[in-house]
Each structure stands twice: as C-alpha cells, then as structure tokens.
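Engineer: Listed below are the residues making up each chain.
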Amino acid sequence: MINFVQNRRLFFTIAGVLIALSLVALVVSAILFDGQFLRISIDFKGGTLFVLQFDAPVDEVSIREVFVDNGHTGAIVQRLGAVDDNMWQVRTRFAETEEVQKILDDLETRVGHINRTLSNWNTVESTVGAEVARYAALAVLAASIAVLGFIWFSFRKVPNPFRYGVVSIVAMLVNVVITLGFYALMGILQGWEADALFLTALLTVIGFSVQDVIVVFDRIRENIPRHRGEPFELIVNRSVLETVHRSLATQLNAMFVMVAILLFGGSTIKPFIAVMLVGMLSETFTSLCVAVPLLVVWEEHDHKRALVRAAA
Amino acid sequence: MERRNIIYFVLILLLAAVAVYGVVWQQHPEWVTNLFFWQPASSRNLDFQLGLDLQGGLQVLMVADLPEGRTVGAQDMATARNIVENRVNALGLTEPVVQVQGTERIVVEIPGIEDPAQAVDTIRETAMLEFATPPAGVTADTLYALRELQMPISTTHLMSEAEIQSTSAMTDVFLFTTELTGGELDSAYVVRDPNTSQPLVAIEFKPEAASKFASYTASHVGNALCIILDKRIISCPNIQTSIPSGKATIEGQFTYESASQLAVQLQYGALPIPLKIESYKAIGPSLGSLSVEKSVRAGIVGLAVVFLFMLIYYRINGLAADLALALYVLLNLLLYKLVPVTMTLPGIAGFLLSVGMAVDANILVFERMKEELRHGRSLKRAAEAGFSRAWTSVRDSNLATLLTCLILYIFGNAFAASLVKGFAITLAIGTVVNLFTAIFVTRTLVRVAFGAAGEWIQKRAWLLGL
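So the protein sequences, as listed, match chains A and B.
For our numbering, count along the first sequence from 1 and bump the result up by 400.
For our numbering, count along the second sequence from 1 and bump the result up by 15.
Hints are computed from structural coordinates only; laboratory data are not their basis.
For clarity, every value in this text was computed on a predicted model and none was experimentally measured.
Treat the hints with care, since some could be wrong.
As the list claims (entries may be wrong) - Restricting the straight-line Cα-Cα distance to at most 20 Å, the calculated cross-link-like pairs of lysine to aspartate or glutamate (EDC-like) are: (1) K385/B to E642/A; (2) K557/A to E699/A; (3) K291/B to E496/A; (4) K291/B to E498/A; (5) K309/B to D485/A; (6) K296/B to E498/A; (7) K670/A to E308/B; (8) K296/B to E699/A; (9) K385/B to E622/A; (10) K296/B to E531/A; (11) K291/B to E499/A; (12) K502/A to D136/B; (13) K296/B to D595/A; (14) K296/B to D505/A.
Unchecked claim - Label pairs and their in silico Cβ distance ranges: (15) Y36/B to R628/A: 52 to 62 Å; (16) E508/A to V236/B: 12 to 22 Å; (17) Q114/B to R493/A: 19 to 29 Å; (18) R628/A to R392/B: 16 to 26 Å; (19) E308/B to Q590/A: 22 to 32 Å; (20) W40/B to V570/A: 44 to 54 Å; (21) D459/A to L417/B: 22 to 32 Å.
What the hints assert, rightly or not - Which bits of chain B does chain A cover? Going by a derived footprint, with three or more residues having C-beta under 8 Å, they are: (22) 313–326; (23) 405–411.
The beta-carbon is built from N, C-alpha and C at its ideal position, and this holds for glycine as well.
Required output: the full structure, derived from the provided sequences and hints.
Structural biologist: Structure follows, in structure tokens:
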C-alpha cells in the first residue's frame with residue numbers, strides 16, 4: 401500500500417514538475433499569442449466570430465476578399481472539420497449588425513450559398529468582453545474564499561481548523577494552475593480558446609476540487625479522538641487509506657461519463673468536458689498527495705518547534 | 016421500525032410512478048398542467064425548455080447608450096424593457112424573452128427565428144421623441160429645409176454641460192435645446208383636424224411634465240418649438256398660446272397610416288433612453304440539435320458503464336444504488352420540466368456528469384459498510400453505521416458544491432452568460448436530488464432488503480462484494 405504521508409517528497413516533486421510544465425505552457429502561449437496566457441475568445445476580448453456552412457466547396461481566398469472589401473483586413477479564415485464539410489470559421493474585429501448582414505449578403509452573392517440553419521455568428525463589443533473577464537476573475541476569487549470559509553467553519557472542532565482551509569486552497573490553486581496549463585497547451589496545439597464555457601468548467605472544477613479533501617479531512621476529524629496518543633502522521637495516513645477506495649471509485653464513475661462524451665460527443669462540448677476531466681484527475685492527485693501531506697508537514701513543524709523549546 | 020420502512024418504500028414507489036408519468040408520457044391532460052400555478056398561465060406544460068444553443072435563434076444584448084458619467088434609473092430600464100418586449104411581441108414569434116441584466120443592459124432572446132436581420136431592425140428602432148427649442152438665430156426657412164431633407168440634428172438631451180458648451184461653439188452644428196422627451200408622455204393617439212380633416216397625432220403629457228410644458232409655452236409664445244423624432248425634425252409649430260392642459264397635437268404631412276404608426280410608436284415605443292447593441296448572436300436552428308443528439312447518446316453510454324460498475328463492484332448494495340440512481344435521473348428530468356429549467360448543451364453535459372458523481376454518496380456509504388463488516392459487525396448494524404458515519408462527509412462535500420453553484424449563478428446572472436446560469440441551476444438541482452436519492456432512497460431500499468432477507472444475504476458474502 402502507498403504511504404501517502406511518507407512519500408510526500410516524491411509527491412511534492414511530481415506536483416512541482418506539473419506546475420512547472422503548466423507555467424511553461426502558459427508562457428509559451430503568451431509568447432506565441434501576443435501576451436495571452438490562454439487564447440482568449442471573443443466572449444472576453446470582443447470581436448466577431450462567424451461559423452459558416454456553405455452548400456458547395458468554396459475557397460479561402462474568396463471568403464477573405466469579401467471581408468477585406470468590407471473593411472475587415474485582419475479577418476482570420478479557417479476551415480472547420482473535414483474538406484467536404486464545407487464549414488468555415490472567420491474571426492474578425494467587432495462588427496455592427498448592419499455590417500454583419502452586409503458581409504453575409506456579399507458572401508452569398510460572391511462566394512456561395514450559406515446554409516443559415518447550420519451557421520451561426522456572434523459579435524461582442526470589447527467593453528462587455530472586458531467586463532465579463534473582470535467578473536470571471538472575481539467569481540474565481542469568490543469561490544476560493546467561500547470554500548476556505550466553509551472548510552474553516554466545518555472543521556472548527558479539530559485543532560487548527562484554519563490550516564485545513566489553507567491547505568485545501570493551496571491544493572485548489574495547484575489544481576487551477578494545472579488545468580490552466582493544460583488549456584494553454586491545447587490552445588497552442590489545437591487552437592482551443594478560453595470562452596464562457598471554459599470558465600464554467602473551471603469554476604466547476606474549483607467546486608469539486610474540495611470534495612476529496614473534505615472526505616479525507618472528515619475521516620481525520622473522526623479518527624483524532626479515536627486514536628488519541630498516535631502520532632498525527634499515522635492518523636492522517638490511516639484516514640487516507642480508509643477513504644482512498646471511495647476516491648478512486650467515484651473518480652472512475654465520473655470518468656466513465658466524461659470519457660464517453662469526449663469520444664463520441666459533439667465537437668462543441670469537447671473542450672468543456674476535457675477541462676473537467678483534467679481538473680478532476682488533478683483534483684484527486686492534489687487532494688491526496690499535496691493537501692494531506694502539507695497538513696502533516698505544517699503540524700509536525702510546530703511539533704518540532706515545541707520540542708526544541710522544551711529542550712531549551 | 017419495520018413498518019415505517021415499508022411505508023417509506025411505498026411512498027418512494029409512488030414518487031417513482033409520478034416521475035415516470037411526468038417524464039416518459041408525452042401528453043398530459045389539462046387539469047395536470049393547471050396544477051403548475053408558478054408557471055405563467057398561458058404556457059403551463061410539461062415540455063423541456065430548450066435553450067438558444069439547442070434550438071437556434073437570436074440573442075441580442077443591448078446597453079444604455081449614455082454619455083460618460085451618467086447613470087440610468089431602474090425605472091427607466093424597466094420602461095425600456097417593456098417597450099422592447101412590446102416590439103418583439105409585435106413580430107409574432109414564439110416565446111421571446113426580454114430581460115434587464117445588471118443595471119444598464121437588456122437581453123433579448125428569440126428562439127427558432129428564421130430571419131434575424133428583421134428582428135434586429137425592429138428592436139433597435141429607438142423612436143426617441145423630443146420637444147426642443149431651435150438654436151438662436153435659425154430662420155423658419157432653415158428649419159423647413161432641415162425637415163424636408165430629414166437632416167440629423169443635435170439635441171442637448173443626455174449631453175453633459177461641457178458637451179453642450181463645446182457643441183454650441185461649433186458653427187456647422189445645429190444644437191437644439193431639449194425641453195421634454197417622449198419618456199414623459201402619458202398617451203398618444205390619432206385625431207383629425209376639425210377644419211381640414213387632416214390626420215394629427217394628439218399627445219398628453221404626464222402631470223409633472225404637463226406643468227413644465229405649461230410654463231414653457233407661457234414664456235415662449237410666438238416662438239417655434241420643434242418636435243424631433245430620432246434626431247430628425249417632424250415639425251416646428253409656432254406656440255400660439257400657453258398650453259396649461261398638457262395636451263398638444265403634432266402636425267405633419269401625415270397620412271392616416273403614418274399618423275397612427277407614429278402614435279403607436281410614441282405610446283408604446285418611446286424609449287426613455289437610447290440603446291446600443293453590444294453583442295449579437297445568431298445560431299442556426301439545426302446546428303444545436305445535431306450536437307446535442309451526439310452528446311446525449313455518448314452520455315448514455317457512459318451512464319450504462321456507471322450502472323454496470325456499481326452492480327459488479329457492490330453487488331446487492333449496487334443494485335439498490337442503481338435503482339436510486341434511476342430515480343435520480345427521473346426526478347431531475349421531472350424538475351427540469353416543472354421549474355422549468357432551460358436546457359443548454361453545457362447544462363445537459365453537467366447533468367450527465369452529475370449522474371456520474373451522484374454515486375459518490377453511495378460509494379462513501381458502501382465502503383464504510385464494508386469496513387464495518389470486516390470489523391465483524393452484523394449486517395444490519397454495519398448498514399446503519401455506514402449510513403450514519405458517512406453522512407458528515409456527504410453533507411460537507413455537497414454543501415461545498417451548492418456554494419459553488421450559488422457563486423456560478425450570481426456570476427451568470429450579472430450579464431448575458433445564460434449558459435453559466437443554466438449550468439449552475441442544473442448542478443444545484445442535481446446536488447439536492449442526490450442527497451435525497453443517494454441517502455434516503457438507498458437507505459430505505461437497503462433496509463427493506465436486509466429486513467426481508469438479511470440472514471440469507473449475510474451467509475453469502477459475495478452478494479456484498481466482500
């Protein structure tokens with residue numbers, strides 16, 4: 401059986417490597433994409449996004465020409481899906497509704513007929529985008545504080561309840577960094593953009609990221625009075641081992657659903673599910689291998705100091 | 016004890032029957048749907064409400080277009096919302112949604128619309144009516160020319176002091192001084208001139224504006240007062256006498272149709288504040304259904320694996336958990352229909368995921384039960400210990416999830432991130448239903464089973480997955 405507490409050096413090293421890799425991905429993304437740590441979608445930075453389903457094959461150049469002639473010189477035209485899908489995506493700066501209509505009409509006359517029931521377009525002004533981004537940061541902050549307060553309150557009967565809250569938040573932040581790093585990597589490799597859906601997934605990961613921690617801490621809370629006199633390290637390790645079956649079984653069940661949707665689900669939902677999958681996996685790791693050993697380190701550090709003081 | 020379990024068991028069966036009826040049956044008699052008093056009377060039903068991303072449609076986010084530093088009153092926003100709603104309803108489309116979002120935004124959602132361009136045009140027409148004094152030194156001929164050419168002019172309405180200063184300094188701009196606006200109108204209707212039988216638009220101001228209008232007309236007899244619609248002059252009549260009644264007529268070269276159109280616009284459509292379209296989203300109606308079908312099918316495959324896993328890993332307990340899980344799915348779907356919750360693609364994904372997570376509470380209990388059995392407890396004692404000891408973990412982790420839902424909801428409510436909001440609601444409903452099915456329902460099922468055949472099960476350890 402793994403000794404979660406004794407192997408903490410190994411776990412901390414793995415966590416460190418994961419964090420470092422994530423930071424590298426974020427920095428590379430920032431270098432590649434003009435200071436964007438994640439590729440930001442128009443939800444947050446403003447702009448217009450067209451997803452166009454043409455009836456017949458069309459070429460990229462003629463699509464771009466229509467946009468350039470309408471004053472959108474910086475339009476980025478990309479093919480979506482396979483060649484015979486005839487689906488194209490165009491990103492450009494914020495366009496007024498009249499502009500959007502004119503571009504669509506021009507595309508129909510000059511490029512080819514658009515199947516409007518299978519197309520969509522979305523335009524966001526940059527001010528509203530900036531506001532969403534600000535609120536998003538606030539939401540993440542609020543979620544962290546709420547969870548910290550909740551754990552502090554619900555473990556108020558154990559010694560040093562604040563520490564339980566703090567190590568949970570540390571684990572959560574590590575989890576968030578790893579999830580962000582993964583998304584930055586996918587942004588570089590697959591062009592995934594951080595949109596409102598991504599934010600929802602991230603907030604969900606934060607919400608679930610304390611579930612494992614709470615279960616283990618709950619067992620520690622129960623075991624402290626039962627095994628009075630045992631070293632804290634032993635109590636903690638016992639608690640982890642007693643609950644690890646449950647962590648793995650739950651994880652497995654959530655993964656069944658997520659992997660199925662990833663493999664067979666619609667393409668729009670894939671980044672959303674992938675973020676949750678990575679977040680959940682890293683959550684189990686950070687809970688058992690970062691939060692719990694960190695709590696032991698903190699308590700023992702105190703203990704040693706007390707011994708030193710007693711000796712002197 | 017025994018008897019109470021049987022009663023609970025029967026009640027759970029009844030609930031399951033109601034859920035099956037509500038979810039699986041497509042048609043429901045009127046007296047059933049009439050029970051849903053919290054739904055608007057016109058659209059009480061047991062259908063799934065599909066979000067824009069699933070059935071396609073148009074979402075327009077508008078913001079009050081005011082100069083820097085000016086804020087909008089909640090009353091003005093509510094009025095503007097009603098006006099926009101009237102206009103959208105005039106398009107005759109099914110179930111449009113018009114809502115105020117935050118302090119200065121209005122979001123319009125029109126599902127299943129074929130021609131978004133026309134809808135946008137209707138929504139964005141402002142019909143801003145102003146009564147304004149022409150700039151000093153402008154002759155009647157100039158006013159006539161401005162009107163005939165329908166030249167856009169400037170008015171002081173919603174301008175700051177500094178802007179008025181700088182604009183009036185410009186020689187090539189006609190700056191009209193706004194005295195009253197359409198927001199202060201009480202009513203507008205068509206009348207005919209008693210002498211010429213020419214159609215006229217009669218207007219009545221609200222009492223407060225009426226006294227303002229009275230004192231203004233009293234002090235400006237002989238001067239022109241221009242009636243301006245959307246920054247274009249309609250007419251510039253001369254003030255003949257003071258008008259104390261707050262009633263006035265607008266003369267223009269109206270036909271009966273154009274007069275009544277203006278009257279309707281003024282009555283229902285005079286926006287108290289100008290609105291600017293900030294975000295505009297059009298989704299093809301077949302795009303979403305394609306994607307959702309695939310994802311739902313994929314989710315069902317995943318769930319089948321979850322059911323199988325529980326059965327194989329926890330055997331008889333797993334069977335109880337699977338039954339509770341089936342009830343969980345039914346109750347969730349029933350609540351989505353009853354509340355009603357608007358289904359979006361991430362909402363559905365969140366629901367499927369929550370089914371996967373819903374077994375967590377069962378797993379906590381069953382693992383605990385196994386532990387107790389290994390310590391040599393009897394089957395019934397182990398079961399009770401499993402449920403009561405696991406409860407604190409289940410409670411705390413679910414409360415943490417509910418807390419996150421609340422934050423997501425607040426965040427989603429602050430602006431048009433309706434996807435986020437829908438997701439938060441589905442997740443919260445799932446969490447609460449889960450507490451009920453995974454703890455109460457599973458416990459009742461396990462107690463009934465152990466009560467009926469406890470000894471028989473105890474002798475066959477493999478049934479418990481030990």
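Engineer: I'd like to know which numbered hints this structure contradicts. Please list them from smallest to largest.
Structural biologist: 8, 16 and 21
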